[in-house]
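Participant: Sequence:
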Amino acid sequence: MSQGIKNSVVVVTGGASGIGYEIVCNFLEKEAKNVIFLDVNEDEGKKALELLSAKYDNIPCVTWDERISEAFLTRTKQHSWQNVDAVGKATIEVFEKADSGTAWVIEGGNPIKEVIYSNAY
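Residue 75 in UniProt numbering sits at position 75 of the sequence shown, and the numbers go up by one each step.
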């Protein structure tokens, strides 16, 4: 990535366990500004959050920021879940910029320039 990871806004799909979780850890270790991880398993997500909070005690981890969560959910629901871009669009609308993700990279709201797959790490 041209901008590097430090201070990036990152979205990781499937980030509660396995390779996705390790990708989340990698981004946190490289000082990404915001790491948003999504997973279909809420229980695993809560466990991952506890582990991340313990491992990265200097990083505030929250499960629910009312303002951000509501804005993110509202915007995500406006897009089709059949499309990974829904997460990217919602992230851009809420956080203004998404630098990376496991399926796409968006820099400054520009179209996709690079594809990163979780098995590439």
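In short, the hints are calculated from the structure, not lab data. Some hints here could point you the wrong way.
Using 27 Å as the maximum straight-line C-alpha spacing, the simulated DSS-like pairs for lysine-lysine come out as follows [what the hints assert, rightly or not]:
| # | residue 1 | residue 2 |
| --- | --- | --- |
| 1 | 33 | 6 |
| 2 | 46 | 6 |
| 3 | 30 | 47 |
Label pairs and their calculated CB-CB ranges [as the list claims (entries may be wrong)]:
| # | residue 1 | residue 2 | range |
| --- | --- | --- | --- |
| 4 | 26 | 47 | 24 to 30 Å |
| 5 | 40 | 7 | 25 to 31 Å |
| 6 | 22 | 42 | 17 to 23 Å |
Note that the structure is a prediction, hence the values are computed from the model and not measured. Glycine residues also receive a C-beta, built at the ideal position from the N, C-alpha and C atoms.
Participant: Tell me, which hint numbers fail for this structure?
Facilitator: 4
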